[in-house]
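All chains, full assembly: derive it from the sequences and hints.
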Amino acid sequence: GESSEDHNQVGSIFTSLHTDIADPAARLQAIHHSSLDAQRAGDASPLVDMLKLAGVFTPAITRPVANFWARNHLSSYLPVNISTVVSNVPGPDQPLYCSGARLMDYYGLGVLTPGVGLFHMVFSYCGKMTVSVLADRAMLPEPEHYKRCLEASLQALAAAVLPRTRRKAAPRKAQKKPARRRV
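Residue numbers (my numbering): 64 to 246.
No lab work stands behind these hints: they were computed from the structure.
Heads up, some of the hints might be wrong.
[To be verified] Derived CB-CB ranges, DEER-like:
1. 226 x 167: 37 to 43 Å
2. 226 x 166: 27 to 33 Å
3. 174 x 135: 15 to 21 Å
From the three backbone atoms N, C-alpha and C, an ideal C-beta is built for every residue, glycine too.
As C-alpha cells, this is what we get:
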C-alpha cells in the first residue's frame with residue numbers, strides 16, 4: 064500500500080480466500096501466496112495510480128457516486144465480483160491509556176457497499192487479535208451461525224499452525240552416573 068499523509072498504509076488487493084481447501088494450514092499458505100501474487104500484480108497495474116488519484120477527491124466524489132449507485136440499485140445490474148472484504152489494521156503493541164484508564168480492547172468497523180454484504184475488520188492490540196464482522200442480513204440471514212463457523216475455523220487454524228504451549232515433557236531416562244575414580 065501507499066503511505067498517506069498520516070503515515071497509514073492504504074491499499075487494496077483482490078485475492079482468493081481458498082475456501083475450497085479443507086486443511087487450515089494449507090488454506091492459509093495458499094491465501095498467503097495468492098495475496099503476494101495479487102500484490103505484485105497490483106503494484107504493476109495502472110489502476111493503482113488511478114486509485115491514488117481518486118483518493119485526492121474522497122469523499123467529494125465517492126459519496127455522490129455511492130449514493131447514485133445505491134439509489135439506482137446498480138449492483139443488481141452490475142454485480143460486484145467480490146464476496147467479502149477483509150481489512151487488516153495492525154494496532155499498537157503497547158497498551159493505550161485515557162485519563163489513566165487502560166484501553167482493554169480495540170475494535171474496528173467496516174462499511175458495507177452496494178453488492179458487498181460482508182465485511183471483516185481484523186485488528187490487533189497488545190498481542191491480541193480481534194475480528195469484527197459487519198453483515199447485511201439480506202445477504203447473510205443468519206450472522207450467529209456464521210460467527211460460530213468463523214470461530215470454529217479460527218480454532219482449527221490455531222490448532223494447525225500454532226505451537227503447543229503445554230506439551231508434557233517426555234519422561235527422562237535415568238542417566239548412569241560415571242563411576243568414581245580412586246586415585
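Each hint, compared with the structure:
1. 226 x 167: 37 to 43 Å: The hint (37 to 43 Å, Cβ to Cβ) is violated, given that residue 226 and residue 167 are roughly 27 Å apart.
2. 226 x 166: 27 to 33 Å: About 29 Å separates the Cβ atoms of residue 226 and residue 166, which means 27 to 33 Å holds.
3. 174 x 135: 15 to 21 Å: 19 Å, holds
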